[in-house]
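Student: Now for the letters of each chain:
There are 2 protein chains.
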Amino acid sequence: MAAGLFKNNIRKLHQVVGNAVTFGRYILFGEGSTQLLNAAVHALSSNHNHSSPPSVVLASVPYYPLYESQTVLFESKDFKFERNISLWKNNSDGRTNLIEFVTSPNNPDGQLNKAVLQGPNAKAIYDRVYYWPHFTAVPAPADDDIMLFSISKLTGHAGSRFGWAVIKDEALFERMKTYVSLNTMGVSRDAQLRALKLINVVFQGRRGREIFEFGHTIMRKRWEKLNRTFSVSTRFSVQKIASQYCNFFHRVREPSPAYAWLKCEREEDKDCYGVLKAANIISRKGSLFGAESRYVRLSLLRTQDDFDLLLQRLNKLVLEEDNIKSM
Amino acid sequence: MAAGLFKNNIRKLHQVVGNAVTFGRYILFGEGSTQLLNAAVHALSSNHNHSSPPSVVLASVPYYPLYESQTVLFESKDFKFERNISLWKNNSDGRTNLIEFVTSPNNPDGQLNKAVLQGPNAKAIYDRVYYWPHFTAVPAPADDDIMLFSISKLTGHAGSRFGWAVIKDEALFERMKTYVSLNTMGVSRDAQLRALKLINVVFQGRRGREIFEFGHTIMRKRWEKLNRTFSVSTRFSVQKIASQYCNFFHRVREPSPAYAWLKCEREEDKDCYGVLKAANIISRKGSLFGAESRYVRLSLLRTQDDFDLLLQRLNKLVLEEDNIKSM
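Protein sequences, first through last, are from chains A and B.
Each residue of the first sequence is one higher than the one before, starting from 1 at the first, in full-length UniProt numbering.
Each residue of the second sequence is one higher than the one before, starting from 1 at the first, in full-length UniProt numbering.
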């Protein structure tokens, strides 16, 4: 009963924000979206009989590293991870179930990705944890078969380990519920209570307007500063994100992604992580995201002091570029 | 650092109670002991190469049902559950890794079980969640390679989902840590905070004496009443548990188990669950514990009202026995 009321609060929040269709959908709690990722893989692949080949789990590059590390660690007779999604585009053998992780907006590059695998054997797990107005324009409510959200990316309380899945199909919901039940016997009630309180606080700020306006302003400014830094660089570039109409803000809004997806453009800078490391900047290696090592991810989700320091070091690095020195 | 202090509190508690050797051991948090069960299976089986046969996971009957349901659901190339442990006693093929769940005291029958599988290929996961003075005599500190505990069975806060593993081997600890990390990205900090406070409260009551004396008294009385009820029955019997010297209470203490393992003795009462159900008594079927269906488990962990009602209905059932009517 308490869980039912909480689920209705979550539905109300999605309705106010306009980022997901949740009425008439099943909601399942998880220990962060992390637990729900493998619960979904498990549920989508457990249906088929053991004589079929295992379901193949895939994601377009660049993808969130945990999809690979988690799926590989928990590999079963029913599913396995493969790195090369392009082999399966328009090329399904008709027998193998395909499970695609779609992060939208994407971690690391903030793009509003859509599933690339189509056909009756292809299923998508939409990781929607960044689909909130502080990180992205919300052009329309998402209505995917499986959508994942988390308190971590909504209010920042990653340590509470609380996420939820929005699921269309009842049988799939039941299988995911069994997974969570046998994995951890449900979700910590302490974490649930914390998340319930947090969502109530989000509502109190002018029905979410306060936190999302605050979050968007902070993240937009960081993105602008970062772009200004790289605008004079030929050595480094970051992804382009277009301004877009947002149904929550009722206007075209400027980009404000959680991460910068940085590319080292020089032929010799194959190890972009090393290039930044030498300048005392910690990034995450592109290879973790299935990409070339001339890419890295920089997190813009940090304290202001920490961000200012990052920007200062990046500015220094850019100003040292030969072409700029000689300008 | 905070986690380190918390771990030292846990070590201090085990030392005061005298139920486990934890100094010089690794401690890993989990979302209840539930998560740590499969983490241990995973870690114990992930070491061997894929050309070997999968590790076989076993438990002596009667065993806690989750060992089977969880291991079957998460079955991988590396491990599988088998029901018949006796096939493997003194009969190891020398190639197959054996992983034995040992619950001590046992759920459902409260016995201080020891591993029955021996030899270099046999590993045991000791589920010690009931090894506290309210449920059992503590003859000596346990010093098993892997021991699991939980706040659920220590203070009753099952909903917090907080457990811990005490592990001797560093490499095994690291593999279990990776499992928890990729499964749920660690344990909810809200649950950790709750558990930390609970353990501090346990200490406040005369270094644990208060809660364990209270718990033992309540559970002992329930066990005595139940035994009195069945002492006049030929239709039903419950397990025998001997009084034993307890290092915590410094005296021989009377039994006070968490569950009664009830047997329907009459030839025709093959469905013991059904016999009790007809008398409005809810039990758990013996078949779930790998046992004959003439066994059931009755939980003594319930509110006093609920226990009194259970006892009243059991008394009625026993008094209806033909032999008693005719006495």
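Calculated directly from the structure, the hints in this document are not laboratory data.
One or more of the hints may lead you astray.
As the list claims (entries may be wrong) - Restraint ranges, calculated between C-beta atoms of paired labels, are given here:
{"id": "1", "chain 1": "B", "residue 1": "SER181", "chain 2": "A", "residue 2": "LYS80", "range": "49 to 57 Å"}
{"id": "2", "chain 1": "B", "residue 1": "THR178", "chain 2": "A", "residue 2": "THR234", "range": "39 to 47 Å"}
{"id": "3", "chain 1": "B", "residue 1": "GLN118", "chain 2": "A", "residue 2": "THR96", "range": "41 to 49 Å"}
{"id": "4", "chain 1": "B", "residue 1": "ARG209", "chain 2": "A", "residue 2": "LYS80", "range": "49 to 57 Å"}
{"id": "5", "chain 1": "A", "residue 1": "PHE214", "chain 2": "B", "residue 2": "HIS250", "range": "57 to 65 Å"}
{"id": "6", "chain 1": "B", "residue 1": "ARG209", "chain 2": "A", "residue 2": "ALA2", "range": "41 to 49 Å"}
{"id": "7", "chain 1": "A", "residue 1": "THR178", "chain 2": "B", "residue 2": "GLN312", "range": "44 to 52 Å"}
{"id": "8", "chain 1": "A", "residue 1": "TYR245", "chain 2": "B", "residue 2": "THR178", "range": "39 to 47 Å"}
{"id": "9", "chain 1": "A", "residue 1": "GLN204", "chain 2": "B", "residue 2": "ASN84", "range": "54 to 62 Å"}
{"id": "10", "chain 1": "B", "residue 1": "THR178", "chain 2": "A", "residue 2": "SER86", "range": "28 to 36 Å"}
{"id": "11", "chain 1": "A", "residue 1": "THR234", "chain 2": "B", "residue 2": "PRO53", "range": "32 to 40 Å"}
{"id": "12", "chain 1": "A", "residue 1": "PRO141", "chain 2": "B", "residue 2": "LYS89", "range": "30 to 38 Å"}
Stated by the list, open to error - Covered stretches of chain A (chain B as the covering partner; in silico rule of three or more C-beta atoms under 8 Å from a C-beta of chain B):
{"id": "13", "stretch": "32 to 41"}
{"id": "14", "stretch": "64 to 70"}
{"id": "15", "stretch": "74 to 88"}
{"id": "16", "stretch": "175 to 188"}
{"id": "17", "stretch": "214 to 223"}
Just so it is clear, CB atoms sit at the ideal spot from N, CA and C, and this is done for glycine as well.
Student: If a hint holds in the structure, say so; if it doesn't, say that too.
Tutor: Evaluation of the provided hints:
1. The hinted range of 49 to 57 Å is not satisfied by SER181(B) and LYS80(A), whose Cβ atoms lie roughly 21 Å apart.
2. Checking the proposed 39 to 47 Å range against THR178(B) and THR234(A) shows it holds: the Cβ atoms sit about 41 Å from each other.
3. A hinted range of 41 to 49 Å for the beta carbons of GLN118(B) and THR96(A) is consistent with their spacing of about 43 Å.
4. With their beta carbons about 53 Å apart, ARG209(B) and LYS80(A) fall inside the hinted range of 49 to 57 Å.
5. Range check, PHE214(A) to HIS250(B): about 60 Å between beta-carbon atoms, so the 57 to 65 Å window is met.
6. Taking the beta carbon of each, ARG209(B) and ALA2(A) are about 35 Å apart, not inside 41 to 49 Å as hinted.
7. Distance hint check for THR178(A) and GLN312(B): the Cβ-Cβ separation is about 35 Å, which falls outside the suggested range of 44 to 52 Å.
8. Look at TYR245(A) against THR178(B): about 43 Å separates their beta carbons, and that is inside 39 to 47 Å.
9. Take GLN204(A) and ASN84(B): their Cβ atoms lie about 59 Å apart, and the range 54 to 62 Å holds.
10. Between THR178(B) and SER86(A) the beta carbons are some 30 Å apart, a value that agrees with the proposed interval 28 to 36 Å.
11. About 57 Å separates the C-beta atoms of THR234(A) and PRO53(B), a value inconsistent with the hinted range of 32 to 40 Å.
12. In this structure the hint that PRO141(A) and LYS89(B) lie 30 to 38 Å apart at CB is violated, the actual value being about 59 Å.
13. Counting residues of the stretch 32 to 41 of chain A whose CB lies closer than 8 Å to any CB of chain B gives 4, which reaches the minimum of 3, so the coverage claim holds.
14. Against chain B, the stretch 64 to 70 of chain A contributes 3 residues with a C-beta closer than 8 Å to a partner C-beta. That satisfies the three-residue criterion, and the hint holds.
15. Only residues whose beta carbon comes within less than 8 Å of a beta carbon in chain B count, and the stretch 74 to 88 of chain A has 4; three or more means the coverage holds.
16. Three residues within the 8 Å Cβ limit are the bar, and the stretch 175 to 188 of chain A against chain B gives 9, so the coverage statement holds.
17. Under a criterion of three residues with beta carbons nearer than 8 Å to beta carbons of chain B, the stated coverage of the stretch 214 to 223 of chain A fails, only 0 such residues being counted.
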